[in-house]
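> We have chain A already, so just place chain B on it with the hints.
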Amino acid sequence: MSTVTAPPRAARHSASSARPGSTARPWTGTGALVRLFLRRDRVRIVGWVLAIGSTVAATVPALEATFPDAASRQARAAILANPSAVMMTGPGFGLENYTFGAMVANELSLALFVAVAIMSILLVVRNTRAEEESGRTEILRALPVGQFAPAAAALLHVALANLALALAVVAGLVGTGMETASSLAMGLATALTGLVFGAVAAVTTQVTARARSASGMAVAVLAVTFVVRGIGDVLDPLGSWLSWLSPIAWAQQTRLFVDLRWWPLVLSAALAVVLLLVAVSLAQRRDLGAGLRQERLGSSVAASALLSVPGLARRLLRGSFFGWAISLFVMGVAFGSLATSLQDMVEEVPEVGQWIGAGRGDLTTAFGAAMLAFLALGVGGFAVGAVLRLRTEEETGRVEAMLTTGASRLGWAGAWFGVVAVQAVLLLLLAGLGLGLGVGAAAGESGIIGRITVAALAYTPAVLVLAGFALALLGWLPRAASLAWAVVAWAVFVGWIGALLDLPGVLAGLSPVHHTPAVPAESASAAPLLVMSLIALVTVVAGLVGFRRRDVGA
Amino acid sequence: MGTFAIEAHQLVKTFGAARALDGFDLTVETGQIAGFLGPNGSGKSTTIRVLLGMLRADSGTADVLGLDSWRDAVDLHRRLAYVAGDVSLWPNLTGGEIIDLLTRIHRGPRGSARRAQLLERFDLDPAKKARTYSKGNRQKVALVAALCSDVELYLFDEPTSGLDPLMEAVFTDEVRRLREQGRTVLLSSHILAEVEKLCDTVTIIRGGRAVESGTLAQLRHLTRSAVTATTTADPAVLRAAPGVHDLTRDNHYLRFDVDDSQISAVLGLLAQVGVQNLTISPPSLEELFLRHYGDDVGPAADLGKAERVR
Chain A
2 MSTVTAPPRA
12 ARHSASSARP
22 GSTARPWTGT
32 GALVRLFLRR
42 DRVRIVGWVL
52 AIGSTVAATV
62 PALEATFPDA
72 ASRQARAAIL
82 ANPSAVMMTG
92 PGFGLENYTF
102 GAMVANELSL
112 ALFVAVAIMS
122 ILLVVRNTRA
132 EEESGRTEIL
142 RALPVGQFAP
152 AAAALLHVAL
162 ANLALALAVV
172 AGLVGTGMET
182 ASSLAMGLAT
192 ALTGLVFGAV
202 AAVTTQVTAR
212 ARSASGMAVA
222 VLAVTFVVRG
232 IGDVLDPLGS
242 WLSWLSPIAW
252 AQQTRLFVDL
262 RWWPLVLSAA
272 LAVVLLLVAV
282 SLAQRRDLGA
292 GLRQERLGSS
302 VAASALLSVP
312 GLARRLLRGS
322 FFGWAISLFV
332 MGVAFGSLAT
342 SLQDMVEEVP
352 EVGQWIGAGR
362 GDLTTAFGAA
372 MLAFLALGVG
382 GFAVGAVLRL
392 RTEEETGRVE
402 AMLTTGASRL
412 GWAGAWFGVV
422 AVQAVLLLLL
432 AGLGLGLGVG
442 AAAGESGIIG
452 RITVAALAYT
462 PAVLVLAGFA
472 LALLGWLPRA
482 ASLAWAVVAW
492 AVFVGWIGAL
502 LDLPGVLAGL
512 SPVHHTPAVP
522 AESASAAPLL
532 VMSLIALVTV
542 VAGLVGFRRR
552 DVGA
Chain B
26 MGTFAIEAHQ
36 LVKTFGAARA
46 LDGFDLTVET
56 GQIAGFLGPN
66 GSGKSTTIRV
76 LLGMLRADSG
86 TADVLGLDSW
96 RDAVDLHRRL
106 AYVAGDVSLW
116 PNLTGGEIID
126 LLTRIHRGPR
136 GSARRAQLLE
146 RFDLDPAKKA
156 RTYSKGNRQK
166 VALVAALCSD
176 VELYLFDEPT
186 SGLDPLMEAV
196 FTDEVRRLRE
206 QGRTVLLSSH
216 ILAEVEKLCD
226 TVTIIRGGRA
236 VESGTLAQLR
246 HLTRSAVTAT
256 TTADPAVLRA
266 APGVHDLTRD
276 NHYLRFDVDD
286 SQISAVLGLL
296 AQVGVQNLTI
306 SPPSLEELFL
316 RHYGDDVGPA
326 ADLGKAERVR
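Going line by line, the protein sequences match chains A and B. Okay, so the first sequence: first residue is 2 according to our numbering, each after it adds one. Okay, so the second sequence: first residue is 26 according to our numbering, each after it adds one.
Warning: the hint list may mix true and false statements.
[Claimed, not checked] One side of the interface only, derived from the structure: several residues of chain A facing chain B at Cβ under 10 angstroms: (1) Arg137; (2) Glu394; (3) Leu404; (4) Thr405; (5) Ala555.
Just so you know, these hints were derived from the structure itself, not from any lab. Only a predicted model underlies this, so the values are computations on that prediction, with no experimental measurement involved. Idealized CB from N, CA, C, for every residue including glycine.
Same shape as in the complex, but just chain A:
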């Protein structure tokens, strides 16, 4: 089946919009496709909007409760001059008079912009390159659908999603009593930032023929703009020339809730348009199904290491594992280097100590312990994703190819899970090492490096519970296996905001990470770890038994 290209522009008939001689032909069918994409993604978009909207709405009162007066906010502002803090927040507008609004803008906006960028990248790739890779675009293009319609529809679709998200953000801010003009500006900045990265994804989907690498490249662009903005703002707290190279900075340079200005958003809008034009011109240079980059040849003979189930699992999980390894290590170093400035802050604002669970042991260690819990969530995300790859293998029929060539069902799922477990432990160690190095460098003591690295292993049972739950779903409710992500999302929520919101113990207890003792600050009490190990074991056995007795491909 060869993939044939661009249909002649004017050769199609359409019941809807095309008129003879109309220049709108390449766009014919765009409206219908937007409706199709919205129908496909309705649950997804509503999920993103609710998750981000409610996070905004919940964070504002939470920050208000933690920093009730000017003194506490000023103490908070004092530590934000720390380079690592600047990396994780934004340019320090209004730090000298750190109002509540300045605080919300500074500490919420970056997370918000990154989240919306990720959503936009995923949505665009999902509806363009992933569709093309699967061959479904070809089916659509065989209908009276113009050459540019699928891409245009995907972008309109992501624009609508961003609009909905922006409205949720505005509602969350205004609803919690924030100033209207800046709330609107924050909503618009959110939508435009999302659109910029949606357009970035539109370009990367032209460059590479694989959906997975298209999203990878777009996320890499996001990471670079993230770092460029961070370094730029470290050079000058209000934004240096370097910051202005990053689209994330433009959204933040609106000086939300401090001294609002709208014009930086024009840059975002302009960049989105330019990127779209680039994407369109690239699209005209390639065939349907192909990328601009040629596929390289590989080895014509398999290495011995590939010729087993664990070998195949390692190979298929390689990209994901190395991606997480690098990110967790770098994040560990970045978080760790925050350690010393935190100590000053907690002395002035005791609530912050409560937030990160300090109180026992010295503050540096307590901070390390708190950050470790965040990194462990990342490892949990890796493990669940890696277990759910089994479902992809099954849906594509590739499991059958392995099973009919000598792998037993237990051997297949068991060995795969074993590889995931080993890689998760390695990631915990790496995250712990990175964090230890960061904290050690910041606090000037090398002893803590080893302690934090070893302490990271305490999260093994929690991570295995998350992965085991995914395997149990795969064994018994294969079609609902992606529900395992809900538990990860809940654990992230509990870890990030749960303590601020003072969640009931039962709800917080649904997160396995919550039950892990805060090592190395607390002593590693064995009981919860043993109980979680037992739960992990039960879920794994249940998952394997389920997979053995059900139909493959069900």
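Showing chain B alone in chain A's frame:
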């Protein structure tokens, strides 16, 4: 009668309300090439996946190579090779890597002469990533892996659906070679001519049930060619000729079926009578079902037409 490589009795498999297999029987003798014929959606793939132990039958028995296909699946899989109807490969592995992976329990295919020979015969570049392969090339990867495997039983689910005629000929040749070596082959298809070309026995499945089963000689009535001709002459001589069935005449338009063994004799008669126009076409599955089982054909109808040679 030799031993049976496949013995399935009264298989029932339901998916929700749909009954994919409804008391299906299938026996394949060791050393034979068995054809498995039926329109799309008739239960061919479901049967094969039950025989592989991927699906568990609701009732009935499925013994393959003397083993229970569900309970002894792993032992069974060491002794068979399977090519799925819709081949999906790992997109970022090369064809060569996938062939080695799928033949990993049969030591030695890497770099073996047989592997190289099959790659050459099927004209397949093993260094290319699987995502760059067309449907036909993906199918070739799976076929090379299966044919590399030195096993007792080969299961092919519509193996030629993505292959061009040249590659189809290579495949036919390789399957014949398997028969010479005494291997058993089960080959599913919706194309009667393909089964006719290769198979010793045929089982026809329809709506999850075996409607006909036997050797090709026993099913000879299924393989009559259809003849249409335009003639002004009296067709009585044809009507009386041996091997001619179901002759109808509509104006000058003549239509009948003829046994393949009698074709040259009938051609002689037609030449004597004198015709303005003549078509002889192999029976399509669609006609076969219409003629012998008297029900509507459903999704196979279009396919049948497409296969027809005019």
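> Check each numbered hint from earlier against the structure, then list the numbers of those it violates in ascending order.
Violated: hint 1 alone.
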